[in-house]
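Colleague: Here the protein sequences come in this chain order: A and B. Sequential numbering of the first sequence, starting at 1, is according to the working numbering. Sequential numbering of the second sequence, starting at 1, is according to the working numbering.
Hint data in this document are derived by calculation from the structure and do not stem from the laboratory. Be aware that one or more of the hints could be misleading.
Quick list of in silico lysine-lysine cross-link-like pairs, DSBU-like style, CA-CA up to 30 Å [what the hints assert, rightly or not]:
no.	chain 1	residue 1	chain 2	residue 2
1	B	K419	A	K213
2	B	K236	A	K217
3	A	K136	B	K107
4	A	K114	A	K163
5	B	K40	B	K419
6	B	K396	A	K136
7	A	K213	B	K291
8	A	K163	A	K223
9	A	K268	A	K319
10	B	K396	B	K370
11	A	K29	A	K255
12	B	K396	B	K107
13	B	K236	A	K204
14	B	K398	B	K370
15	B	K188	B	K247
16	B	K236	B	K223
17	B	K398	B	K426
18	A	K204	B	K43
19	A	K29	A	K263
20	B	K236	A	K213
21	A	K261	A	K114
22	B	K398	B	K188
23	A	K193	A	K268
24	B	K385	B	K343
25	B	K247	B	K365
26	A	K204	B	K188
27	A	K213	B	K188
28	B	K43	B	K246
29	B	K114	B	K167
30	B	K188	A	K217
31	B	K371	B	K398
32	A	K136	B	K314
33	A	K213	A	K193
34	B	K419	B	K383
35	B	K223	A	K213
36	A	K114	B	K314
37	B	K109	B	K133
Away from chain B, derived, C-beta distances all over 12 Å, residues of chain A [what the hints assert, rightly or not]:
no.	residue
38	T17
39	N109
40	I130
Note that this is a predicted model, so its numbers are computed, not measured. We put the CB at the ideal spot given by N, CA and C, even for glycine.
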Amino acid sequence: MKGLNNMAGAAGKLQWTRKDLLGLEHLSKEEIELILYTAASFKEVTTRRIKKVPALRGKTVVNLFYEPSTRTRTSFELAAKRLSADVVNIEIEASSVKKGETLIDTGRNIEALKIDIIVVRHNCSGAPNILARSVKSSVVNAGDGWHEHPTQALLDMFTLKSKLGRIEGQNVSIIGDIAHSRVARSNIWGLTKLGAKVTVCAPKMLIPEGIEKMGVKVTSDIKEALTGADAINVLRMQFERDTGGAFPTRMEYFKQYGITKEKLAGCKPDIVVMHPGPINRGIEMSSDVADGKNSVILEQVTNGIAVRMAVLYLVGLVKEGAR
Amino acid sequence: MNYLIKGGTIIDPSGDINEALDIFISGGKISDIGRSLQAKDAKVIDSGGMIVTPGLIDMHVHLREPGREDEETVLTGTRAAAKGGFSTIVCMPNTEPALDSAEILAKLKTIITKDAVVNVLPSGAITIGRLGKELADIKAMAKEGAVAVSDDGSSVEDENLMLKALKSAKSAGIVLIDHCEDVVLANKGVMNKGFVSTKMGLRGISRESEWKRVERDIALAEKAGAKIHIAHVSCKESVDVIGKAKKRGVLVTAETAPHYFALTDECCVTYDTNTKINPPLRTAEDVAAIKKALAEGIIDVIASDHAPHTDSEKDVEFDHAPFGKIGLESSLGVSITELIGNKVLTWKQLIEKFTTNPARILGLKNGMLKKGTPANITVIDPKRKYMITQDSLESKSKNSPFIGWQLTGRAVHLFVSGKLIMLDEKIL
Numbered sequence: 001m002k003g004l005n006n007m008a009g010a011a012g013k014l015q016w017t018r019k020d021l022l023g024l025e026h027l028s029k030e031e032i033e034l035i036l037y038t039a040a041s042f043k044e045v046t047t048r049r050i051k052k053v054p055a056l057r058g059k060t061v062v063n064l065f066y067e068p069s070t071r072t073r074t075s076f077e078l079a080a081k082r083l084s085a086d087v088v089n090i091e092i093e094a095s096s097v098k099k100g101e102t103l104i105d106t107g108r109n110i111e112a113l114k115i116d117i118i119v120v121r122h123n124c125s126g127a128p129n130i131l132a133r134s135v136k137s138s139v140v141n142a143g144d145g146w147h148e149h150p151t152q153a154l155l156d157m158f159t160l161k162s163k164l165g166r167i168e169g170q171n172v173s174i175i176g177d178i179a180h181s182r183v184a185r186s187n188i189w190g191l192t193k194l195g196a197k198v199t200v201c202a203p204k205m206l207i208p209e210g211i212e213k214m215g216v217k218v219t220s221d222i223k224e225a226l227t228g229a230d231a232i233n234v235l236r237m238q239f240e241r242d243t244g245g246a247f248p249t250r251m252e253y254f255k256q257y258g259i260t261k262e263k264l265a266g267c268k269p270d271i272v273v274m275h276p277g278p279i280n281r282g283i284e285m286s287s288d289v290a291d292g293k294n295s296v297i298l299e300q301v302t303n304g305i306a307v308r309m310a311v312l313y314l315v316g317l318v319k320e321g322a323r
Numbered sequence: 001m002n003y004l005i006k007g008g009t010i011i012d013p014s015g016d017i018n019e020a021l022d023i024f025i026s027g028g029k030i031s032d033i034g035r036s037l038q039a040k041d042a043k044v045i046d047s048g049g050m051i052v053t054p055g056l057i058d059m060h061v062h063l064r065e066p067g068r069e070d071e072e073t074v075l076t077g078t079r080a081a082a083k084g085g086f087s088t089i090v091c092m093p094n095t096e097p098a099l100d101s102a103e104i105l106a107k108l109k110t111i112i113t114k115d116a117v118v119n120v121l122p123s124g125a126i127t128i129g130r131l132g133k134e135l136a137d138i139k140a141m142a143k144e145g146a147v148a149v150s151d152d153g154s155s156v157e158d159e160n161l162m163l164k165a166l167k168s169a170k171s172a173g174i175v176l177i178d179h180c181e182d183v184v185l186a187n188k189g190v191m192n193k194g195f196v197s198t199k200m201g202l203r204g205i206s207r208e209s210e211w212k213r214v215e216r217d218i219a220l221a222e223k224a225g226a227k228i229h230i231a232h233v234s235c236k237e238s239v240d241v242i243g244k245a246k247k248r249g250v251l252v253t254a255e256t257a258p259h260y261f262a263l264t265d266e267c268c269v270t271y272d273t274n275t276k277i278n279p280p281l282r283t284a285e286d287v288a289a290i291k292k293a294l295a296e297g298i299i300d301v302i303a304s305d306h307a308p309h310t311d312s313e314k315d316v317e318f319d320h321a322p323f324g325k326i327g328l329e330s331s332l333g334v335s336i337t338e339l340i341g342n343k344v345l346t347w348k349q350l351i352e353k354f355t356t357n358p359a360r361i362l363g364l365k366n367g368m369l370k371k372g373t374p375a376n377i378t379v380i381d382p383k384r385k386y387m388i389t390q391d392s393l394e395s396k397s398k399n400s401p402f403i404g405w406q407l408t409g410r411a412v413h414l415f416v417s418g419k420l421i422m423l424d425e426k427i428l
């Protein structure tokens, strides 16, 4: 794994001090590199015959999910188990929240159960921030509203790094519903901190106001996003979304923005194609691309476990005083 | 009891007074204003180094009673008003039930008579239940003491109904206080639409949702020949629209709140729900425009838009929290700190926004220091430094984004209708 080892020097000096991982916006380049470096060593663990280390033995992790998610929850659950932590899953239907217990009360009850780490997925942006300041347990954001999905971006960067050797200077285009995407925001923060040149590409109505101030190039022209790109990250389109505004139809979207073999024809031949999943085949991406030689989509899933192990490990070992 | 306010500097914009004068109060009225007054049988209120002004007026307060006494009551809200230096407040009608009839206003009046420690003047609702469907009996409410009408918290969507309301308020001789918000354009947003909402992943409230409604309603007021007062102006474009209307002689006045010149949407980044306010905190550019408009007189009034909410209502996800913050006890301090401290306004201009101007807009006789009138007087220590803390608040709710702020300047003594209500920051 070229590249990852290069970080050992820089990352080795840094000690992780954060109780929580709420997003990538406020992390330093060095902190991100430390997570990726730590993930690299856990990746090795996941290839062993016995895929388990005692790093978090005796610690308890709760997966608190206010939004249905099989993939992210399973990934966190496996990551925790491979670190020998005990895991409990709690799923709460978002629609019942208003009548039921408040987020803060739920958090405090979980804390009273002596839980070390709360992994939270929530449909409201900022819910993990509110939870984190209400409890002493560590809080890891597993995706909040349109805000951030830091572990997804970290696994995207981990995958990119293993494919391209380095992230600095690479041209990465994020394509799809930028406005409503937490994956996009976390990727933008992380990639720009590591020195990538990031372009976001979407129909105008799906580009949120002021996004260029996050340090990205903005375009609605798919050709511009693809030409010269070293990697693309293709976002899931959610047509069921109630945006109130004009939304393209599935067919219109696929025709203009769907990633197909034809559209990739003029690109760098070894362009890395990523997708956070689950894929809508024939909408944001054609099957031949999703399953093609440039696709790293399944590697992303595999790397997700190593990256989440790294995050749980780092926040799990923060000294009590920081809590 | 007779009182002698001694040693202070009187600033009364109504008479263009700015000099060292004493005030003698007897029988609840101002009986003398003059140099080095001496009086036997009077309690002397030492006001050396202080500024003595007409009792301050806050024309935009939510007292929550009746209906939401868990958030605020007439008693706690008026104590908060007193602490903030206000002798007179206007309470908004978005109570439960809404203040939409003379009968309900009469009931409220009995509570006010019993509990209020400052003068409380109600605003009636424009429409029944504030639902924007059917006009309330504005004339009857004016007779029962409503000094204004407003559907504050909601805008009247129906243009014809709004025109009727303006005509009706005009014939009743009271002002219409307008909450300007096009809910379609506001698009269920929770904070200002812009870079900060984008990075926070929160739904944005566009600027158009405010200023386009300001523009519409000013045009309607012009058509009706009626007075209109634009509440809580937050953005640059609204200022421009109001400025232009004033130039062509429309009977429009406007207010802003301290948070619109002291805070920006950057304050929301921690998802602190006390920064969730409607209209939302805007940008540094808007803050500059609001300050300029205050200095130029385009914005006439500073009002707190005191909007109490309980901790349990506010301690939730940003999306789920109600809009609003308390402000009675920080309004003057934040204004002095930001506007006098940064030389945006002169003292006379500042006091005008808290006294003469709201009095003129509401058609009140107070807002001035005049012999023979009821003694509503605020004494301000312009140099006193203090911090806003949760424990210092009289308000029943503690939802203030200014908690922890260091301020300079506050009200220390307060007379309401000749009664000494606050002495050296302590409510008596």
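Colleague: Would you mind marking each hint as holding or not holding in the structure?
Modeller: Structure-based check of each hint:
no.	hint	in the structure
1	K419(B) - K213(A)	violated, 56 Å
2	K236(B) - K217(A)	holds, 28 Å
3	K136(A) - K107(B)	violated, 48 Å
4	K114(A) - K163(A)	violated, 40 Å
5	K40(B) - K419(B)	holds, 18 Å
6	K396(B) - K136(A)	holds, 29 Å
7	K213(A) - K291(B)	holds, 26 Å
8	K163(A) - K223(A)	holds, 23 Å
9	K268(A) - K319(A)	violated, 46 Å
10	K396(B) - K370(B)	violated, 34 Å
11	K29(A) - K255(A)	violated, 37 Å
12	K396(B) - K107(B)	holds, 22 Å
13	K236(B) - K204(A)	holds, 25 Å
14	K398(B) - K370(B)	violated, 36 Å
15	K188(B) - K247(B)	violated, 34 Å
16	K236(B) - K223(B)	holds, 24 Å
17	K398(B) - K426(B)	holds, 19 Å
18	K204(A) - K43(B)	violated, 70 Å
19	K29(A) - K263(A)	violated, 33 Å
20	K236(B) - K213(A)	holds, 21 Å
21	K261(A) - K114(A)	violated, 52 Å
22	K398(B) - K188(B)	holds, 25 Å
23	K193(A) - K268(A)	holds, 24 Å
24	K385(B) - K343(B)	holds, 18 Å
25	K247(B) - K365(B)	holds, 27 Å
26	K204(A) - K188(B)	holds, 20 Å
27	K213(A) - K188(B)	holds, 24 Å
28	K43(B) - K246(B)	violated, 46 Å
29	K114(B) - K167(B)	violated, 34 Å
30	K188(B) - K217(A)	holds, 28 Å
31	K371(B) - K398(B)	violated, 39 Å
32	K136(A) - K314(B)	holds, 21 Å
33	K213(A) - K193(A)	holds, 14 Å
34	K419(B) - K383(B)	holds, 25 Å
35	K223(B) - K213(A)	violated, 43 Å
36	K114(A) - K314(B)	holds, 26 Å
37	K109(B) - K133(B)	holds, 26 Å
38	T17	holds, 19 Å
39	N109	holds, 15 Å
40	I130	violated, 6 Å
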